[in-house]
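> Sequence:
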Amino acid sequence: MSEERDISGILEILDDDYARAILEATRQKQMSAKELSEECDMSVSTVSRRVNTLLEYDLLIERTHIDPDGHHYSEYEAQLDRVEVQLLESGFDVRIELREDAPDRFARLWNTMRNE
Numbered sequence: 000m001s002e003e004r005d006i007s008g009i010l011e012i013l014d015d016d017y018a019r020a021i022l023e024a025t026r027q028k029q030m031s032a033k034e035l036s037e038e039c040d041m042s043v044s045t046v047s048r049r050v051n052t053l054l055e056y057d058l059l060i061e062r063t064h065i066d067p068d069g070h071h072y073s074e075y076e077a078q079l080d081r082v083e084v085q086l087l088e089s090g091f092d093v094r095i096e097l098r099e100d101a102p103d104r105f106a107r108l109w110n111t112m113r114n115e
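So in numbering that gives the first Met the number 0, spot 76 of the sequence shown is number 75, and the numbers just go up one at a time.
Misleading hints may appear alongside valid ones.
[What the hints assert, rightly or not] When the alpha-carbon atoms are kept at most 16 angstroms apart in a straight line, the in silico EDC-like pairs for lysine to aspartate or glutamate are as follows: (1) 33 - 61; (2) 28 - 38; (3) 28 - 5; (4) 28 - 76.
The hints are simulated quantities; they were obtained by calculation from the structure and are not laboratory data.
Please model the complete structure; the sequences and the hints are all you need to start from.
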């Protein structure tokens, strides 16, 4: 997704019960589609559709794991940290904060130091 986030698209996603359940389930630990299906009581195809949308909007991170036998599978982790909506005289101000992993945080800090 572009750096300029589609706020209305994200709010629409967050209005979906299934998408919210997936984000809540993956907040504390990575889960596979099968685990999400069981945890959230939804079909694997429903999980797959919602996961694809959440990935498109950078609200989930996909991590691929390879088993010793060569098979691979994906696990998902929520990247959404916070959504803040404020009503202003000129409309709404919506701020979306995503989690940063250590390499992203280091890169942001390094770039900030270099630009000062």
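> With reference to the structure, classify each hint as holding or not holding.
Cross-check of the supplied hints:
no. : hint    : verdict
1   : 33 - 61 : holds, 14 angstroms
2   : 28 - 38 : holds, 12 angstroms
3   : 28 - 5  : violated, 26 angstroms
4   : 28 - 76 : holds, 7 angstroms
Going through the hint list in order, the structure does not satisfy hint 3, though it satisfies all others.
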